[in-house]
Each structure stands twice: as C-alpha cells, then as structure tokens.
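Engineer: Sequence:
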Amino acid sequence: MNPFMQVALDEARQGLEEGGIPIGSVLVLGDRILGRGHNRRQQAGSVVLHAEMDALERAGRHPASVYRECTLYTTLSPCAMCSGAVLRYGIPRVVVGENRTFRGEEDLLRSRGVEVEVLEDAACELILK
Numbered sequence: 258m259n260p261f262m263q264v265a266l267d268e269a270r271q272g273l274e275e276g277g278i279p280i281g282s283v284l285v286l287g288d289r290i291l292g293r294g295h296n297r298r299q300q301a302g303s304v305v306l307h308a309e310m311d312a313l314e315r316a317g318r319h320p321a322s323v324y325r326e327c328t329l330y331t332t333l334s335p336c337a338m339c340s341g342a343v344l345r346y347g348i349p350r351v352v353v354g355e356n357r358t359f360r361g362e363e364d365l366l367r368s369r370g371v372e373v374e375v376l377e378d379a380a381c382e383l384i385l386k
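First residue of the sequence shown: 258, per the working numbering; consecutive thereafter.
Keep in mind that the hints were calculated from the coordinates and are not lab data.
Keep in mind that a hint or two might mislead.
[Claimed, not checked] Taking lysine to aspartate or glutamate pairs in the EDC-like style, the calculated list, with each CA pair at most 20 angstroms apart, reads:
(1) K386 to E275
(2) K386 to D288
(3) K386 to E274
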C-alpha cells in the first residue's frame, strides 16, 4: 500500500476507535505530510469535519503556492464539500483509496483539471463495512 494512503487508513482507524465514521485523509507536499485528519463529525458534533477538511485544518495556513504542489490522499471518494475545498485551494492531485462505497465528485475534479487516481484498495473499503 502507498505509505501516505496507509497514514490515511491509520487516521480512519483512529476515527473508528473514537466512535466516528472511519474515513481518513492526508495532505502531502513532496514526501512530507502537512496535515492528517479523520472524519470527526460525530465526535465533535460537527456538520463539516470530514476527513479531508480535518486534514486541511490541521495542516495550518500556507501560501497558495504550497497547496498547488500538494496531493490529498483520502480513503473514500471526496464529497462535494471536500471537492470544493480541493478546487478552492488549487490542490492538483487527489488519490482516493476506494470509490465503491461512495462515488464522490471525482468527475467534477477531473473536469477542473485535478488529477484523480483511484486505488481500489480493499482495506479502505473493508473498514467502512
């Protein structure tokens, strides 16, 4: 498994251990993790703390030029809100663990020039069952 997707999967497991929805995400610049997060909607009583949003928040503020060099890894295909954040920050590449459980806005991302790679990783799918 891709080492960054493994970190995202570890985040998903942490979310599950906390009683939340097991989805994880990692924002990567080159070979360095800027932020990592997991879905914390249930734990925090939040409507917006999806894994991707949590990873972006935990990455802290960076110049736009930094985001334009990043890759976002996520264990599940990103929803409209999270895809909007990818577009807003100009993140050029998203790596998706699996999209059988939920098919997010991959087509929207591609139509806006974002490279989307789907790994079809069994571990990312299994954790959601």
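Engineer: Run through the hints listed earlier and report the numbers of any the structure violates, in increasing order.
Structural biologist: Hint 2 is the one this structure does not satisfy, whereas the remaining hints hold.
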